[in-house]
Amino acid sequence: MKLAILSESPADEAAIERLVGAVLREPLVRVQSALRARGWPSVAQVLPAVIRHLHFETNADGLVVVVDSDDSVVHTAEHDRPNYFHPLCRMCRLRAVFRQTTKKLPPARGRARVLRAVGVAVPAVEAWYLSGRPADADVSEKAWIDGQSRGHLPYTRAQLKFRVYGTDRPSLVHETNCALREIARFLPDTRRLENDFPGFASLATDLRGWGQPYDEDGRVE
Amino acid sequence: MIASIAFRNFKALRQASVELCPFNLVVGPNGSGKSSLIEAFVRLRTLARMSLAGEGNEPIRSANAPEVSFRFMPPYDRWEAVMSCASDDKCDVLNVFPLSNGEGEGTWEALRGKLLRIRRFELDHAAIARPASRKENQELKPDGGNLAALLLRWRDQLPDVFSAWATQALRVFPEYDDIQIYDVAESDVAFSLRITGERTRVPAHDLSQGTLYALVVFALAADPEPPSVVCIEELERGLHPRILREVQDAMYSLSHPSSHGLSREPVQVLATSHSPYFLDLFRDHIEEIILTEKLGSAAHFKKLTERKDLGELLEGASLGDLWYTGIFGGVPTCDLGGTVSFGERS
Ligand SMILES: [Zn+2]
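Protein chains in written order, with this note's numbering: chain F, 0 to 220; chain Z, 2 to 347.
This is chain F alone, in the form it adopts within the complex (with noise of 0.2 Å):
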């Protein structure tokens, strides 16, 4: 399979081509490697051309986006009704994103467009890092949406960073090695991941179904 990764550092884009290659479980070309978009909304500002670039430029199979969700509307299984779309929510909007840019695109080298694969890390993608890890056990997708609707959040994005990285202030290199330690717990077996959090979930099953085709929404037919 031959994919790009859009990021918002070399960390994080380090422990997701490992998470990717772990759902695929085939290998992985990098396309376009170090793809870097600055952070929240830069992502969604730069979609658009990022997507039309590799549909023209490149012969990438998919494109997998991932995003921290820091403090926006999370996506719940009730966004996922037909035609439905929050626009608060980042999922829904990258998806948009998606959706609008391969439908104005021609098919070019042999395929239809770029396939998708969207990820949201709620709230931060070090949210993903703890999972699986018995002291932060209290670390999920689900306490944070309880915490939102509550207005009590469990945690902040800075203590789960501090979590992981042991610092408010790691460096690029400190950064990415806590990464890939983390991750590998789930390179054997991604489930319990997917499981506690919903928006790695979505990537997961779009990975999956890349394989088969898509429907105009964007979703496995």
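Hints were generated in silico from the structure; no laboratory data involved.
For clarity, every value in this text was computed on a predicted model and none was experimentally measured.
Be aware that a few hints might be false.
Unchecked claim - For the chain F half of the interface with chain Z, some residues (derived, Cβ under 8 Å), not all of them: (1) Ser41; (2) Ser170; (3) Leu171.
What the hints assert, rightly or not - Pairs of lysine to aspartate or glutamate residues, derived as EDC-like cross-links and limited to a Cα-Cα distance of at most 20 Å, are as follows: (4) Z/Lys115 <-> Z/Asp224; (5) Z/Lys309 <-> F/Glu25; (6) Z/Lys309 <-> F/Asp69; (7) F/Lys1 <-> F/Glu25; (8) Z/Lys309 <-> Z/Asp281; (9) Z/Lys142 <-> Z/Glu235.
Unchecked claim - Not everything, but these chain F residues come out facing chain Z in the computed CB check (under 7 Å): (10) Asp70; (11) Arg162; (12) Thr166; (13) Arg168.
By construction, the Cβ of each residue, glycine as well, lies at the ideal position given by its N, Cα and C atoms.
Take the given structure of chain F and dock chain Z with the ligand to it, following the hints.
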């Protein structure tokens, strides 16, 4: 080390004060007080060399004479240093007052020793690239001009320090895989980088400005005996935006050494920048951003922490883009006359 600084009639800083963090990123238009802030630090160091007021003949100053007061972080929070000036260009008296609310045990003499180690860097790529006298190998010069001599001393006497510096430099610039320091004439040394996978060496004078600046910034961070305060202007100069994170890391290794696994004393950093990309990197530490702004002829400071709606604003744009729009202030304004009718103009 310096907790806050307050200005009165010092250049454009008529009545301005700001609280400082271990790391501070100062952004704002030219002439808005960024350099004056750094200049005040440097003058404090100069005056700390001399005897205090009251120990000699103290000049009599008018009530409106320029004055800059400094307060300090623990253990020096017992002291306030007030620098008074005859004019913007002549600050010649330093008074030190004990504060009743300070609890730290640090003595004035110990604090004075720290103040003497304040350093300002104005890097000059041509100076960095020129051969350096091998004798000038103790402390990095303000223009970075003795980098080769410093590296030679580290390589020969502090191999661990040299190796840490070289590892970082070659990781950030993977197009090179080795550094060589070599003799030029009898007394001078220069350096070159080897192109990865080739035998070609690129002499310092053929390296890009940004590469030379980054090599000095990494040397500052690797220095086992760093200054107490590092003031550095236009930290992002010549650098590719993607390398800025490494520069931020290098600065944080000075200001927050324990975060980087280092056991040395923290170095306070005051850096200026004009780069929205660099600003983006401080999203998790907005308390470290100081905006300088000029309204009319008076400049003042603002902290981004004052913006309570920042979370909502960041949903729609990055920190750097928000700054660029001007909604935080701290951007140049030019009078195009568009909003002022002729009758109102003087
Ligand atoms: Zn949604």
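Hints, one by one, checked against the model:
Hint on F/Ser41 holds. Least Cβ distance to chain Z is approximately 6 Å, under the 8 Å limit. Hint status for F/Ser170: holds, given a least beta-carbon distance of 4 Å to chain Z, under 8 Å. Because the smallest distance between the Cβ of F/Leu171 and any Cβ of chain Z comes to about 6 Å, under 8 Å, the interface hint for this residue holds. This hinted pair checks out: Z/Lys115 and Z/Asp224 have alpha carbons roughly 16 Å apart, not beyond 20 Å.
Between the alpha carbons of Z/Lys309 and F/Glu25 the distance comes to roughly 47 Å, so the proposed pair goes past 20 Å and is violated. About 17 Å separates the Cα atoms of Z/Lys309 and F/Asp69, which keeps this hinted pair within 20 Å; it holds. The hinted pair formed by F/Lys1 and F/Glu25 meets the criterion: a straight-line CA distance of about 11 Å does not exceed 20 Å. About 18 Å separates the Cα atoms of Z/Lys309 and Z/Asp281, which keeps this hinted pair within 20 Å; it holds.
The suggested pairing of Z/Lys142 with Z/Glu235 holds, with an alpha-carbon distance near 17 Å, which does not exceed 20 Å. For F/Asp70, the interface hint holds, the least distance from its beta-carbon to any beta-carbon of chain Z being 6 Å, beneath 7 Å. Interface hint at F/Arg162: violated, since its Cβ lies 14 Å from the closest Cβ of chain Z, which is beyond the 7 Å cut-off. Interface restraint check: F/Thr166 against chain Z, minimum CB-CB distance 4 Å, threshold 7 Å, status holds.
Checking F/Arg168 against chain Z by beta carbon gives a least distance of about 4 Å; that is within 7 Å, so the hint holds.
Taken one by one, the earlier hints fail for this structure at numbers 5 and 11, listed in ascending order.
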